Amino acid sequence: MAEQSWAKHVADVLRRNDIRLYATVPDYIVSHVLDVLWADPGVRVVTTTREEEAVGLLSGAWLAGHRGALLMQNSGLGNCTNALASLNMASMIPMVLVMSHRGDLGEFNPAQVPMGRAVTHILDALGIRWIRPTSIAELEQQTDGLVKLCYVSAQPVAIVLPSELTGGKRG
Amino acid sequence: MSPLTRAGATKYLASRLKNEVVVSNLGQASLDLLAIADRPLNCYTFGAMGQCSSIGLGIAIGRPDVRVICLDGDGSLLMNLGSLCTIAAEAPKNYVLMVWDNEVHQTTGGQATATARKASLVGIARGAGIEKGVEVRTQEELERAVDRILKEDGPFIVVVKIDKGPSTAPFDQDLIGQASRFRKALAALPAA
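Residue numbers (numbering that gives the first Met the number 0), protein chains in the order written: chain R, 0 to 170; chain Y, 0 to 191.
Note that these hints are calculated values from the structure, not bench results.
A few of these clues could be false.
To be verified - Listed below are several chain Y residues computed to face chain R (Cβ distance under 7 Å; list not exhaustive):
{"no.": "1", "residue": "Gly7"}
{"no.": "2", "residue": "Ser14"}
{"no.": "3", "residue": "Leu16"}
{"no.": "4", "residue": "Asn18"}
{"no.": "5", "residue": "Gly46"}
{"no.": "6", "residue": "Arg62"}
{"no.": "7", "residue": "Pro63"}
{"no.": "8", "residue": "Leu77"}
{"no.": "9", "residue": "Met78"}
{"no.": "10", "residue": "Gly81"}
{"no.": "11", "residue": "Thr167"}
{"no.": "12", "residue": "Phe170"}
{"no.": "13", "residue": "Gln172"}
{"no.": "14", "residue": "Leu188"}
These numbers were taken from a predicted model, which means no experiment stands behind them.
Backbone N, C-alpha and C fix where the C-beta goes; we use that ideal spot for every residue, glycine too.
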């Protein structure tokens, strides 16, 4: 797979902020970030069976002194909403959520569209601060600050990756 | 009726602990652990049903020098069976999953779970790839299992068949305080 500069930037910001543990249920778009991380012997990537499980795992890692990030498709947000609410928000356990924004501009699969529409509303309803950079310039401007906000607020934050930035997924 | 109770088994396990981390499942397991054997290296959970085993896995990965014992429930583990596959794949040697299996959803009023019918959690765990697993029904079997989990490499699953019945212990609402106390206690534990 050709290296995507946005993906390298995302991986670099996370690593620069001392995030060494990653959990994922893979997705085509975030797999560009995973490719960068899998090539790095200095980080650990755990593939879980479901996104909620990754939230539990990264929460445990935080309690053991490690920062973590969850890489997933936005549909996975639906699979881990309760854990984010009743564990991370209720007990103030931070983690960085990195998710593709399927179901938005250029989407080919109708099944992705309702969750594509819901994703930022779900994050808002949970009180999770999110960014949705549509260019490398916006990514550079916002991502580092968001990760710092995550740990100063001790709550999860989300980087939503739209097709304008990533090129999306074509049929 | 099982001769073992959750409170009795909790008390016995606690009497054997040194510097192990104990992660307790929401509801009954956490209430009993808090009342019977509160200690800073206990990680209570009162949210995210199903996630006890995964939270423990994250702690075990984060601190490979510390033995981590999860006290899960049958209803909760049944909600997150995929976790067994991840535990087997990551295979942390310092990881133990104990399950208080009373075959009911105790916290919601005692409705039967799948372990009351056909499901065997040790069998499912074995299929997921966790090779060390035992089901215990008596005090003697519990003591033998605790001997092993405190000594042998994991990952390990111990399903403890216990009597039904809710905890009578009080609930502590300070979840942020509990998490913070645990995190600081684990950070202060010198690397082994």
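Hint check:
1. Gly7: 27 Å, violated
2. Ser14: 25 Å, violated
3. Leu16: 18 Å, violated
4. Asn18: 14 Å, violated
5. Gly46: 3 Å, holds
6. Arg62: Holds: closest Cβ of chain R sits about 5 Å from Arg62 of chain Y, inside 7 Å.
7. Pro63: 10 Å, violated
8. Leu77: With Cβ-Cβ at 14 Å, over 7 Å, it is violated.
9. Met78: Since chain R brings no Cβ nearer than about 9 Å to Met78 of chain Y, farther than 7 Å, the hint is violated.
10. Gly81: 3 Å, holds
11. Thr167: Where the cut-off is 7 Å and the nearest Cβ of chain R is about 24 Å from Thr167 of chain Y, the hint is violated.
12. Phe170: 14 Å, violated
13. Gln172: The hint is violated - Gln172 of chain Y has no Cβ within 7 Å of chain R, the shortest such distance being about 10 Å.
14. Leu188: Not OK, violated: Leu188 of chain Y not within 7 Å of chain R, min 10 Å.
Checked against the numbered hints given earlier, the structure breaks hints 1, 2, 3, 4, 7, 8, 9, 11, 12, 13 and 14 and satisfies all the rest.
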